[in-house]
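Visitor: This is what each chain is made of:
Number of protein chains: 2
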Amino acid sequence: MIMPKIGEFELIDQIRKYATPATPSTIGIGDDCAVIPQRDGLDTLVSTDMLIEGTHFLKEDITPRQLGWKSAAVNISDIAAMGGKPIATFLSLALPKTLPETWVQEFMEGYRDISQKHCVALLGGDTTCSPDRICINVAVLGTCPSGSAKLRSAALPGDMVCVTGTLGDSAAGLKLILSNDKAASPQLVQKHYCPLPRVQEGLLLGSCPGVHAMMDISDGVGSDLRHILKESGVGAVIDTDSLPLSAELQSICREKGWDPKQLALSGGEDYELLFTMAPDEKPGIPYTVIGRITKDPALVWKGSSRDFDGYQCFKE
Amino acid sequence: MIMPKIGEFELIDQIRKYATPATPSTIGIGDDCAVIPQRDGLDTLVSTDMLIEGTHFLKEDITPRQLGWKSAAVNISDIAAMGGKPIATFLSLALPKTLPETWVQEFMEGYRDISQKHCVALLGGDTTCSPDRICINVAVLGTCPSGSAKLRSAALPGDMVCVTGTLGDSAAGLKLILSNDKAASPQLVQKHYCPLPRVQEGLLLGSCPGVHAMMDISDGVGSDLRHILKESGVGAVIDTDSLPLSAELQSICREKGWDPKQLALSGGEDYELLFTMAPDEKPGIPYTVIGRITKDPALVWKGSSRDFDGYQCFKE
Numbered sequence: 001m002i003m004p005k006i007g008e009f010e011l012i013d014q015i016r017k018y019a020t021p022a023t024p025s026t027i028g029i030g031d032d033c034a035v036i037p038q039r040d041g042l043d044t045l046v047s048t049d050m051l052i053e054g055t056h057f058l059k060e061d062i063t064p065r066q067l068g069w070k071s072a073a074v075n076i077s078d079i080a081a082m083g084g085k086p087i088a089t090f091l092s093l094a095l096p097k098t099l100p101e102t103w104v105q106e107f108m109e110g111y112r113d114i115s116q117k118h119c120v121a122l123l124g125g126d127t128t129c130s131p132d133r134i135c136i137n138v139a140v141l142g143t144c145p146s147g148s149a150k151l152r153s154a155a156l157p158g159d160m161v162c163v164t165g166t167l168g169d170s171a172a173g174l175k176l177i178l179s180n181d182k183a184a185s186p187q188l189v190q191k192h193y194c195p196l197p198r199v200q201e202g203l204l205l206g207s208c209p210g211v212h213a214m215m216d217i218s219d220g221v222g223s224d225l226r227h228i229l230k231e232s233g234v235g236a237v238i239d240t241d242s243l244p245l246s247a248e249l250q251s252i253c254r255e256k257g258w259d260p261k262q263l264a265l266s267g268g269e270d271y272e273l274l275f276t277m278a279p280d281e282k283p284g285i286p287y288t289v290i291g292r293i294t295k296d297p298a299l300v301w302k303g304s305s306r307d308f309d310g311y312q313c314f315k316e
Numbered sequence: 001m002i003m004p005k006i007g008e009f010e011l012i013d014q015i016r017k018y019a020t021p022a023t024p025s026t027i028g029i030g031d032d033c034a035v036i037p038q039r040d041g042l043d044t045l046v047s048t049d050m051l052i053e054g055t056h057f058l059k060e061d062i063t064p065r066q067l068g069w070k071s072a073a074v075n076i077s078d079i080a081a082m083g084g085k086p087i088a089t090f091l092s093l094a095l096p097k098t099l100p101e102t103w104v105q106e107f108m109e110g111y112r113d114i115s116q117k118h119c120v121a122l123l124g125g126d127t128t129c130s131p132d133r134i135c136i137n138v139a140v141l142g143t144c145p146s147g148s149a150k151l152r153s154a155a156l157p158g159d160m161v162c163v164t165g166t167l168g169d170s171a172a173g174l175k176l177i178l179s180n181d182k183a184a185s186p187q188l189v190q191k192h193y194c195p196l197p198r199v200q201e202g203l204l205l206g207s208c209p210g211v212h213a214m215m216d217i218s219d220g221v222g223s224d225l226r227h228i229l230k231e232s233g234v235g236a237v238i239d240t241d242s243l244p245l246s247a248e249l250q251s252i253c254r255e256k257g258w259d260p261k262q263l264a265l266s267g268g269e270d271y272e273l274l275f276t277m278a279p280d281e282k283p284g285i286p287y288t289v290i291g292r293i294t295k296d297p298a299l300v301w302k303g304s305s306r307d308f309d310g311y312q313c314f315k316e
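These protein sequence lines are chains B and G, in that order.
Using the numbering used here, the first residue of the first sequence is number 1, and each one after it goes up by one.
Using the numbering used here, the first residue of the second sequence is number 1, and each one after it goes up by one.
These are computed hints drawn from the structure, not numbers from a lab.
Hints are supplied without guarantee of correctness; some may be wrong.
Put simply, identical chains are the same to the list, so a pair is met inside one copy or across any two.
Capping the alpha-carbon separation at 30 Å, the derived lysine-lysine pairs in DSS-like fashion look like this [what the hints assert, rightly or not]: (1) LYS97 <-> LYS230; (2) LYS230 <-> LYS17; (3) LYS59 <-> LYS97; (4) LYS17 <-> LYS97; (5) LYS17 <-> LYS295; (6) LYS117 <-> LYS256; (7) LYS302 <-> LYS282; (8) LYS59 <-> LYS117; (9) LYS59 <-> LYS256; (10) LYS85 <-> LYS117; (11) LYS282 <-> LYS175.
Just chain B, same shape as in the assembly (with noise of 0.2 Å):
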């Protein structure tokens, strides 16, 4: 157990030494603030993403170490998602006084391996003991230049809809995970635990030009392509049949009798990249086109006789 052996200090010096080092203008963990240098020329990007025991996560089904790394990812993807260079994360964590005492170690190695392939300095953060429930809050910090984040509302009627690698692997190996049959594809199970944020894709596309609203997909096509659509007074038309399915989602469908279209639309978690292209652009990455913005606000899903939506929490 944490309690006997360690107090809110201790917690925080073993938590120090997996922090990635900062630049040496850059001052961290210790102070009542980190303190990070600004240039002309460029813009902050701030995100916030929190993660509780029994909403995001059941503490029997993951891993401390994947739960470090997810934690981590799914912030580092906000920045991908405007096209920054994600720089700083500041973790807080609630934990009750009954974890293992291996848990910080297991999950602080899990964020500090995502953190350091990515360059990003852990620079500060909260610890605090929670009566039950874990209870994890991550902010990250990036830096785009001047001007150029890719917003939401910068679609454009005309637009190529398109996504960075396959969509639905998440879901199924959330489906997957619940069902207690994650033997069943150990390959779907790992995208659930372990996303990988698209940091250098996202600062391709954000060099673009020709590349207009970006986002991540977070919630799932369905919901997300709503937020663009709505934020730029667009609508699109997607085509069901192009989306780009991995091989071994394909199967797993196949074998369980799953709608591959409604893990890929409306299963979230994929935190790949959804962006609006101008047909002319040539990002230099691999990507699908789904569909196509259109100046007629409606969102028309061609291909499928059936709605897609999203995931949200207090409407479950």
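Assemble the complex: chain B is given as a structure, and chain G must be docked to it using the hints.
Guide: Relative to the frame of chain B, chain G by itself:
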């Protein structure tokens, strides 16, 4: 109840209504990240604090409005503690579906009141549902002139140890709340629920070269001062007879037989500023000298036979 009435996006729209507007060049709620222009000659300050129902507050004891105020105030105080100007906050809220539907509105009223008082914009966050307890995380951004942030590591032997305001009021308020005796001093209870971050004082102290180390008092001087001593490699002699105690605190301590020194030094949550300062500095704000920094790394409490420590949640 929230659940049957509104979904997550309606909740975000509701919160958005209370967002203090940002500058025209800043992009707030509605994208994956907020976007804030940088400027040569400034540093960005970042801090984050988490409040968990059952650890930091009991829903029955604090109104949503007080909780909203406090959530923003304790974070704004961290910026003040570095001598910085608070700019923006990011609010993560995990809420049980059983909360009364007015809860968010009242919470946001308190959050907005303290934010408006200090011209702090709400630029983003996260909303999610919690299986039972309310969980709040605020991340705060501020700025200060490059290199001017007041760190914990800057205390020098010979410095005076100083505090703003009075000590122990919040701790006494908490004791009254926990003993179901709020009526004994609404004033002290108010100090606990609605702390006033010392933003103006922090800015003035931040501009004084003779002000060396600084932090805010969240866990109590008995704990917080130790951070300054450790980071600066110095010690201190504190005169426990010189502590600034409000008349209200002295009166309730006489009435209840409480030790005012204990409340002032170990109580915490005063959110006053604790700073060390060259003896010839004149910061132009009211403050009290409570001791002196010494080369000898010990912490000595003059005028008391006991030691004083602060709050540490895992050690409770």
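Visitor: Hints first: check each against the structure and report whether it holds.
Guide: Consistency of the hints with the structure:
1. Proximity of LYS97 and LYS230 under a CA criterion of 30 Å is satisfied inter-copy only: 27 Å between copies versus 44 Å inside one chain copy.
2. In this homomeric assembly, LYS230 and LYS17 come within 30 Å of each other (Cα to Cα) only across copies, at 18 Å, whereas the closest approach inside a single copy is 44 Å.
3. In this homomeric assembly, LYS59 and LYS97 come within 30 Å of each other (Cα to Cα) both inside a single copy, at 14 Å, and across copies, at 21 Å.
4. Only within a single protomer do LYS17 and LYS97 lie at most 30 Å apart by alpha-carbon distance; the minimum there is 21 Å, versus 38 Å between protomers.
5. Proximity of LYS17 to LYS295 under the C-alpha cut-off of 30 Å is restricted to the inter-copy arrangement: shortest distance 29 Å between copies versus 53 Å within a copy.
6. Taking CA atoms no more than 30 Å apart as the test, LYS117 paired with LYS256 passes in neither setting, with 35 Å inside one copy and 57 Å between copies.
7. For the homomeric pair LYS302 and LYS282, the shortest alpha-carbon distance inside one copy (25 Å) is at most 30 Å, but the shortest distance between copies (72 Å) is not.
8. Taking the closest pair of Cα atoms, LYS59 and LYS117 come within 30 Å of each other only inside a single copy of the chain (25 Å); across copies the shortest separation is 41 Å, beyond that limit.
9. Taking CA atoms no more than 30 Å apart as the test, LYS59 paired with LYS256 passes inside one copy only; the shortest distance there is 26 Å, against 45 Å between copies.
10. Taking identical chains as interchangeable, the C-alpha atoms of LYS85 and LYS117 lie at most 30 Å apart only when both belong to the same chain, with a minimum of 13 Å there against 33 Å between chains.
11. Taking CA atoms no more than 30 Å apart as the test, LYS282 paired with LYS175 passes in neither setting, with 36 Å inside one copy and 65 Å between copies.
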